[in-house]
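Just so you know, the protein sequences line up as chains A and B, in that order. When we follow full-length UniProt numbering, the leftmost residue of the first sequence carries the number 1, and every step to the right adds one. When we follow full-length UniProt numbering, the leftmost residue of the second sequence carries the number 1, and every step to the right adds one.
Honestly, the hints are just simulated from the structure, not real lab data. Keep in mind it's a predicted model, so treat the numbers as computed, not measured. We treat Cβ as the ideally placed atom computed from N, Cα and C, and that holds for glycine. Watch out, some of these pointers could steer you wrong.
[Said to hold, decoys possible] Selected chain B positions facing chain A (in silico; Cβ < 8 Å): (1) Ser46; (2) Pro69; (3) Gly71; (4) Gln154; (5) Leu159; (6) Arg195; (7) Ala223; (8) Val243; (9) Leu258; (10) Thr262.
[Unchecked claim] Example chain B residues on the side facing chain A (calculated, C-beta under 7 Å, incomplete): (11) Glu45; (12) Asp102; (13) Asp190; (14) Val191; (15) Thr192; (16) Leu219; (17) Gly220; (18) Val221; (19) Glu224; (20) Ala244; (21) Phe247; (22) Pro250; (23) Pro263; (24) Arg264; (25) Leu265.
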Amino acid sequence: MTTADTSRRTTTRTTLLELDGLAREFTGPGTTRTIAVDDVTLTVEDGETLALVGESGSGKTTLTRLLLGLLDPTAGTVRFEGHDLARLSPAEMRALRAGMQVVLQDPYSSMNPRMKVTDIVAEPLVTHDVTYRGRRARARLRERVGELLESVGLPARLQDRYPHEFSGGQRQRVSIARALASSPRLVVLDEPTSALDVSVQSQVLDLLVELQRQHGLTYVFVSHNLAVVRQIADRVAVLRRGRVVECGETATVLGAPRHPYTRELLAAVPRPDAYRTRTRTGTGTGTGGGTTGV
Amino acid sequence: MTTQAPVLEIRDLHVDFRLAGGPVHAVRGVSLTAHAGETLAVVGESGSGKSATMLAALRLNPEPPCAYPGGEVLLDGRDLLALPEKRLREVRGNDVAMVFQDPMTSLDPLQRVGNQVAEVLRTHRGASRAGARQEAVRALDEVGIPDPELRARQYPHELSGGLRQRVMIATALVGRPRVLIADEPTTALDVTVQRQILDLLAELRARHGMAVVLVTHDLGVVAETADRVVVMNAGRVVEHGTVAEVFETPRQQYTRDLLAATPRLEPTS
């Protein structure tokens, strides 16, 4: 939670994102109040991957909306590239937004089904760069979209198709291409692979790592899957009821968790090994079943 | 186990979906068995035919477009695919029950939770309204729902995801089925809640001696809960065996790829 764990890094990284005492409260019907994010202080260094881990209702999504400036905090500040988001004019905020993009969990609901992939991927380009607007920019726009699609492993010619013509994994690649269109420095990945099959998931994770290397991207990776987090994150922040209960290097947090909640989370993850944890289900009578049964 | 006849046996099952663009052969000759007191895991990725197979076991695939050009689904030796709809209704929820992934879409939002559990008993056992209600509360209690009297009077939206899934399980188990088919029962849940639900299924299976068929894409869940595994790909069973056999010495490349793609918490040696 302090910046102590990041300052240990040997590389001379600069801070890209700073959250300081960030809080957000929601008012429900009547007088009910929910504190979704409660006094969160975190920094994200340029070029690193910070994972936000927690269960439903832990405040992960609210936190990402706060750091993207999509939601105003009730207390605390968000600084991106040194700018306090709350002090920016709408025009300045718009300009800054080109630098921060998001890939959402569900590639089915995060795209307009009536738009062609060209227009979906081009939207951030058109929004943030006037030279891409208008009929005369069309050819250049298509060329850029083609490049973006190829950078995420899709053929450029697929840009004239509609989202429903793509598989889940391909759609998530389109989401990533769209996120990269405005050449962002920060990409928030909100459960980007949890709707995908494991084999597709591993391809998308590999792609994300490769893109990070190529473009020097910084990731905030939201996930409830600790095994995926181990694979991709440099550091992990564990959220519970809006608070960061533990934060540190991935190997340390997952290998030697200090907070009881982190330990509880880790213990709950089912391991894909035949012998490791099977003692707990020893009550069954069917363990002697042979292969002949199938 | 091998000396005992299976409760559920699927023999060379074929499931087609006859769509406008031509037929899709979703299931192409699947055979599997489930025995009393054991958990059989059916593993596969999207489109492997795992859900179509299990829905076929109760003939719940919409017909048309679905058709069953071949195969048998034997419950105690009786072919369910050959039964008329009326007889099939006696089997569904009674001898064979199902739990689905998303409890929000499989529970009726306009019915109190208790009534939905009681409906099974009213339908299959001809239980009285009061008797069924009492039994429903007991069933909610059995699946570990705190304050079952209160919960029985609530609607699904008033319950958390974990509690809703417990209601689904209570609904499935109240008729004391011999086979429980659970299709991705924990996919929508948090890991700590998933752990509780899996433990609950194991405990109920042991207590009632049911056969549990667990459909999942999560190999971690398989390793921790199943006795035997069937791996499906493109409508076929590509590998089957005990959990130890399939995880330690997978014979098929597909199974090895699937295991390799599964992210792990501990670095593999």
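**Asked** So which of those numbered hints doesn't the model satisfy?
**Response** Hints 2, 3, 4, 5, 12, 22 are the ones this structure does not satisfy, whereas the remaining hints hold.
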